[in-house]
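Asker: Using the hints, position chains Z and F against chain V.
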Amino acid sequence: VDTATLARALGAQLFGLESQEIQGVAALDAAGPTDLVGLFEPRWRAAGRHTRAGAALVTEALAHHLPAHTSRLVLADADAARAAWGRALRLLHPRPSVAPPPPGIDARAAVDGTASVHPSAAIGPFVVVGAGAKILSDVAVFAGAYVGAGVELGAGCVLHPGAVVLDGCVLGAGVFVGARAVIGSPGFGLDAQGRVPHIGRVVVGAGASIGAGTCIDRGTVGDTVVGAGAHLDNLVQVGHNAYVGENAVLCGQVGLAGGARVEAYAVLGGQAGVAGGVVVGRAARVAAQSGVTRSLPAGGTYSGHPAEENTVRLRRLVRLKRLASP
Amino acid sequence: VDTATLARALGAQLFGLESQEIQGVAALDAAGPTDLVGLFEPRWRAAGRHTRAGAALVTEALAHHLPAHTSRLVLADADAARAAWGRALRLLHPRPSVAPPPPGIDARAAVDGTASVHPSAAIGPFVVVGAGAKILSDVAVFAGAYVGAGVELGAGCVLHPGAVVLDGCVLGAGVFVGARAVIGSPGFGLDAQGRVPHIGRVVVGAGASIGAGTCIDRGTVGDTVVGAGAHLDNLVQVGHNAYVGENAVLCGQVGLAGGARVEAYAVLGGQAGVAGGVVVGRAARVAAQSGVTRSLPAGGTYSGHPAEENTVRLRRLVRLKRLASP
Amino acid sequence: VDTATLARALGAQLFGLESQEIQGVAALDAAGPTDLVGLFEPRWRAAGRHTRAGAALVTEALAHHLPAHTSRLVLADADAARAAWGRALRLLHPRPSVAPPPPGIDARAAVDGTASVHPSAAIGPFVVVGAGAKILSDVAVFAGAYVGAGVELGAGCVLHPGAVVLDGCVLGAGVFVGARAVIGSPGFGLDAQGRVPHIGRVVVGAGASIGAGTCIDRGTVGDTVVGAGAHLDNLVQVGHNAYVGENAVLCGQVGLAGGARVEAYAVLGGQAGVAGGVVVGRAARVAAQSGVTRSLPAGGTYSGHPAEENTVRLRRLVRLKRLASP
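Protein chains in written order, with this note's numbering: chain V, 1 to 326; chain Z, 1 to 326; chain F, 1 to 326.
It is possible that some hints are incorrect.
To be verified - To list a few chain F residues with every Cβ distance to chain Z over 10 Å, as calculated:
| no. | residue |
| --- | --- |
| 1 | HIS50 |
| 2 | ALA61 |
| 3 | GLY150 |
| 4 | ALA298 |
Unchecked claim - Restricting the straight-line Cα-Cα distance to at most 27 Å, the calculated cross-link-like pairs of lysine-lysine (DSSO-like) are:
| no. | chain 1 | residue 1 | chain 2 | residue 2 |
| --- | --- | --- | --- | --- |
| 5 | Z | LYS321 | V | LYS321 |
| 6 | V | LYS321 | F | LYS321 |
| 7 | Z | LYS321 | F | LYS321 |
It is worth saying that the hints were derived from the structure and are not from the lab. Predicted, not measured: the structure shown is a model, and the values here were computed from it. Glycine included, C-beta positions come from ideal geometry on N, C-alpha and C.
Just chain V, same shape as in the assembly (with noise of 0.2 Å):
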């Protein structure tokens, strides 16, 4: 596209050229005069300077720091930049960097004659579908990935190489399975004869996506929910019965327990953790590292081990370090 079209599409001021051909996005050391760059963190400045850019999505405070021939589609803010720079995305890019499968089924899939896979859907060599597995339009089932007996695959999933959907669990259209996840995996309930059965199910609602490695447990009785628009980056452990809210965002290596309550809005840090039976709050921001043990009111942000207000918390540290000072 050109630059004129690219500044409309992204609500951005062009100063610069008009019918500039840009036709991806790189990085600011990396770029040539067919690419976008963005600078919208100062600490990315010094790169500014430097860069081969044809154009660049730049805030109104860093817009100086660019070379005469880079063009400038200039954003109010780095908010505003930054959801541009998205949409850029989006729009240069909107060809997935993981190549799918060709559509139909190859001929090394293991797929079984009950089920019904959809014609547009992929089907990966290695890959195997179990009885009475759905798997509807525009799916796509990288090599190896396991497809459990009964499974729902809604329209448009997603599944990356190796990831493990186990029997009777069901995801809405869109769900992206990250490589090696494993969704359904009998949960970490015991008593004096050892696991005991898990016979509920993961559900998970529509464009929800779940990172590489990360594994969600199926219910003891009852299901494991992971909400619609929820995001789980990778290695992420969901124990049985636990429940993710609508767009809730857990970062990578969040634990939550068996029956843990994660509502909708809420955004669980790097390796916090949260026990059984706790709830965080809808909308509710807990830092990275911190344990979750009593539920957390909406809304608020939260810290440290046991998880308490987070201004309470670093207020007190701060007294702390005082009287403890030599």
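Answerer: Frame of chain V; chains Z and F shown alone:
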């Protein structure tokens, strides 16, 4: 089974119909007339009042929080009810919720000619079984799992999809290995040339279970050991030459450094870590997210980083909170 | 080899038989007359006294804790002995303890016609190699691994079973990737529409090693980088556009947020985390479970959350303990 038979099997006192047919276990809000539900946590009371279940396993204290149409199988307290709940699940759901491949070797598996596979074992598609491996009776190896050269899988072992057991490792009878778990990865012993060879094995005792995505490194020299009846949750990391005693429990995302030792019946909460060469004593309980940097005596309860006796630590935290109060 | 040759190769002084044949390394309690054992940690003394080993690599201080039948290969101190131990392992166990597939492409692999695979490379069953991938000499790709389109694997790379290297990622010579590890997963950059496209790559330098189950996200724009000779243990999470310098060491379950930077020779203890955009300085040492929220200068030792200079923090903790004593 009918309610009278069920009550006898669970050691519960029956109040209600004796000949009501119960076919399965269900959640309070999803149950129907042929389902058994459980009501032994006070926070479930509200759901209990509106259940449509035919029968409920319930504590004396909560028995009146059920509708009239639900037969009561009453146990004295929550501990008794929880134990009976596990028995009910096993009784009413004898078949695994994740269906194994049929017995025999799938034509799409790659089984080395020198491996020995019992005729009753089930080997799924895309499984690899290496030279000299021994797979005993009633083993189930799900699709895509890897059984290395010389591995021994005891009778009744279950390897979920994509589980990896590398060369020479030995699993006792009835061991469960979750999807994408890795047993026998080369350990993290480093020297100036990089990773040193790790020539030891991993030996897992009978009845142990290994969660999805969990990694257990082989010993550098000598073995990494997981004792009989030990249970490891998902995404646990066990370093080279670590030792996990019989019936020990490691919750999700626990990490044991190389040479760490967790004695029998110890319980480590989620995301806890144990340093190299350190011993967690028999039946010790370590709170979630604790960092064990020195050996802990048997039987106590510990928390914090560095982990210490729990009540000592909590008392100090209370005093510090008071000192720091404004 | 005989003991005299071994002593020379390890730079040790030999006390005992010169022509004793040593065939392998073993643990103190499992060794026989043709085995070499190591005794360089004081806590191993008891096991040393009863070993049946033919020879022992031992420090001067511990040399008298061995039975008379065991020849001694003596080194001055534990550091020297540890270094020699690694050399002994490499010398006596030159073949990997996890057997690779034979050279050539297994008939059950799915290799794209446009991929280039060196004849000396070993491609196991159920492996996928995508369009345009380049696999150089002496590479071993174990069963079930996934090599995406355009991936480059340098000479001597080893991908253990089920390892995933997604499209466009580049591994230098001699890189080891553990079982079920994932390199090049789409990162966790989110906006109002969900995950933004991640068009960058992961670039791994020569001689680096990536543990089992570890996940390294591709860059959003630009690359995620793991430097030459860096070692990542199991279940480590590396976010998009993070940078791990040459010879840095990340222990088990470490997490790097997007854009975190760990400079060369830095060492992060198990379960430590680094926030986005934060820098861990060259050769800095960060204790296990630390949370690095601000950049740390080169060369120091740090601990805690937020991570700070270790001795400063320990002194404060001692003072606080005193203040809080009853």
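Asker: Could you run down the list of hints and mark each one as holding or not?
Answerer: Tested hints:
| no. | hint | verdict |
| --- | --- | --- |
| 1 | HIS50 | holds, 15 Å |
| 2 | ALA61 | holds, 18 Å |
| 3 | GLY150 | holds, 24 Å |
| 4 | ALA298 | holds, 21 Å |
| 5 | Z:LYS321 x V:LYS321 | holds, 12 Å |
| 6 | V:LYS321 x F:LYS321 | holds, 12 Å |
| 7 | Z:LYS321 x F:LYS321 | holds, 12 Å |
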